[in-house]
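2 protein chains.
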Amino acid sequence: MTTQKLISEIKRKQSFLCIGLDVDLNKIPKHLLDEEDPIFAFNKAIIDATHHLTVAYKPNTAFYEAYGIKGWKALEKTITYINTNYPEVFTIADAKRGDIGNTSTMYAKAFFEDLGFDAVTVAPYMGKDSVEPFLKFSEKHTILLALTSNEGAYDFQTKIIDGKEVYKTVLETSKSYQNSEQLMYVVGATKAEYLTEIRAIIPHSFLLVPGVGAQGGSLNDVCKYGMTEQVGLLVNSSRGIIYAANDETFASKAATKASNLQAQMQSILKDASILN
Amino acid sequence: MTTQKLISEIKRKQSFLCIGLDVDLNKIPKHLLDEEDPIFAFNKAIIDATHHLTVAYKPNTAFYEAYGIKGWKALEKTITYINTNYPEVFTIADAKRGDIGNTSTMYAKAFFEDLGFDAVTVAPYMGKDSVEPFLKFSEKHTILLALTSNEGAYDFQTKIIDGKEVYKTVLETSKSYQNSEQLMYVVGATKAEYLTEIRAIIPHSFLLVPGVGAQGGSLNDVCKYGMTEQVGLLVNSSRGIIYAANDETFASKAATKASNLQAQMQSILKDASILN
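Chains as they are written, first to last, in this note's numbering: chain H, 1 to 276; chain S, 1 to 276.
Bear in mind the hints are in silico, worked out from the structure with no lab data behind them.
Where is the CB? At the ideal position from N, CA and C, for every residue including glycine.
Just so you know, not all the hints are guaranteed correct.
Some, not all, of what chain H presents toward chain S, calculated at C-beta under 8 Å [unchecked claim]:
#1 31
#2 34
#3 36
#4 37
Capping the alpha-carbon separation at 27 Å, the derived lysine-lysine pairs in DSSO-like fashion look like this [what the hints assert, rightly or not]:
#5 27/S to 159/H
#6 128/S to 73/H
#7 27/S to 128/H
#8 109/S to 164/H
Residues of chain H placed beyond 10 Å of chain S at every Cβ, according to the derived structure [claimed, not checked]:
#9 45
#10 87
#11 100
#12 103
#13 150
#14 204
Generate coordinates for the entire structure from the input sequences, incorporating the hints supplied.
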């Protein structure tokens, strides 16, 4: 999917919500455990109930890998289900990969071609030749970890290199990568106060923002400091939506939570004069 | 596997070789493509021919994920085959994972419990709470990326934080993590000149050293600057061994290559008075 198409979907749906499909068999409604594929059954119900409220889905691959082949099958079925039934939705494999050249190419093929995701999250530690193989795929997006929402972000990401934080060095360096226009960045909502300085470096790039809700980040702060004229934000919520209830009403309760966020987003988009 | 057991296996086999099982269907002998599971058939033959010469196997998970469910099955069969037939061999999932707390726990379970690997490689960018979940598993090892063998390592890893390179900050910071005695570190053989300074920070930890052979690193230099009294090194070779030939002699040719490296290692261990 092109960035332009993503922006037009945001305007059409009046939403820049991304729903994280982080499925934990210990947290889903008990009645689904009788299904042949409980993870897929859960995702399918959530997707059918929320696709009109969200512009993106983001399965975190760890949750699928944890269940081995069964998990991998559920991931394949989930992405195929979205691409077949709701092709207008942007899909992100939250995989946080990164390896040397030919290995990164293998990962890129796996997520972009075999599975058919629009985007994949990538860790920057190994530098240029670990990121550029992902950028070679047209109409696909590489979402680089910049400033993450967890406490450990302060271990290295905010440390100073040549008078500048590591995450800013990552942002600036990545701008010189080939096809860097296909880069997006992860910036945690728990660190919204950093967004003004981030926007000074990457004024137009899309940011994937986790940490609103369960982790305590504020949607208003994120938008105040991070929104661009073309929106430039995908705000993710996982647990706050998908585990809104764990009985037979789980999908409709998830839709209610997603709808609340969509309504807040619609109002923010109107206030920013992005919508009429 | 405990570190002590790994050291005693190194002494018994007179080898600190790790063989990288990075299986690419375009590179394996054509006759294997008729097998039901060509990747596993290739690995099984390589393992049967080399297990007495190597102390570790390291499948890079990217190569398996690139083939979807088939690849994941081949990875499961490979690790199960090693654990069943050659339980004395140390196994490393070269996955370069790293995510926030609960997600890292999911990854740790997937690799340590479900698949049964002894170790997994982890990226440090997200800091303490992304690494410590892996360290909670006893007799399991977390191999943190420190200084990698690729060109992109100079993008961030060698940049200076407070008068010290980023990779040294990673080494020092990680020493304060809970159960840090279960940490090992990736240091590329292409950067052997850095090993003296690395050993000043982590004098005893095991290093996983890729980049000897195809990438141009020197085994002698790595040992000169990186070896400890308890060896402290696992030197990896992937392509140089597993793709030694691509006809029906591939496994025996791989064994010859592995045997050459083992002989060099034996001689180095004797010179260092680690073996009698």
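We went through each hint and held it up to the structure:
1. Because the closest C-beta pair between residue 31/H and chain S is about 23 Å apart, greater than 8 Å, the hint is violated.
2. A least Cβ separation of about 22 Å between residue 34/H and chain S goes past the 8 Å threshold, and the interface hint is therefore violated.
3. Taken as an interface hint, residue 36/H does not check out: its beta carbon lies about 16 Å from the nearest beta carbon of chain S, beyond 8 Å.
4. A distance limit of 8 Å between C-beta atoms decides the matter here; for residue 37/H the minimum to chain S is near 13 Å, and the interface restraint is violated.
5. Between residue 27/S and residue 159/H, the direct Cα distance comes to roughly 43 Å. Violation of the 27 Å bound is thereby established for this hinted pair.
6. For the hint pairing residue 128/S with residue 73/H, the CA-to-CA distance comes to about 31 Å; that exceeds 27 Å, so the pair is violated.
7. Distance restraint check for residue 27/S and residue 128/H: the Cα-Cα separation of roughly 26 Å lies within the 27 Å cut-off, and the hinted pair is therefore satisfied.
8. About 37 Å separates the Cα atoms of residue 109/S and residue 164/H, which puts this hinted pair outside 27 Å; it is violated.
9. Non-interface status of residue 45/H relative to chain S is upheld: no Cβ of that chain comes within 10 Å, the nearest being about 22 Å off.
10. Every Cβ of chain S is farther than 10 Å from the Cβ of residue 87/H; the closest lies at roughly 20 Å, confirming the non-interface assignment.
11. For residue 100/H, the non-interface assignment is contradicted: its Cβ lies about 4 Å from the closest Cβ of chain S, within the 10 Å cut-off.
12. The Cβ of residue 103/H sits about 5 Å from the closest Cβ of chain S, inside the 10 Å cut-off, so the non-interface label is violated.
13. In this structure residue 150/H is not separated from chain S by more than 10 Å, as the shortest Cβ-Cβ distance comes to only about 4 Å.
14. For residue 204/H, the shortest C-beta to C-beta distance to chain S comes to about 22 Å, beyond the 10 Å cut-off, and the non-interface label holds.
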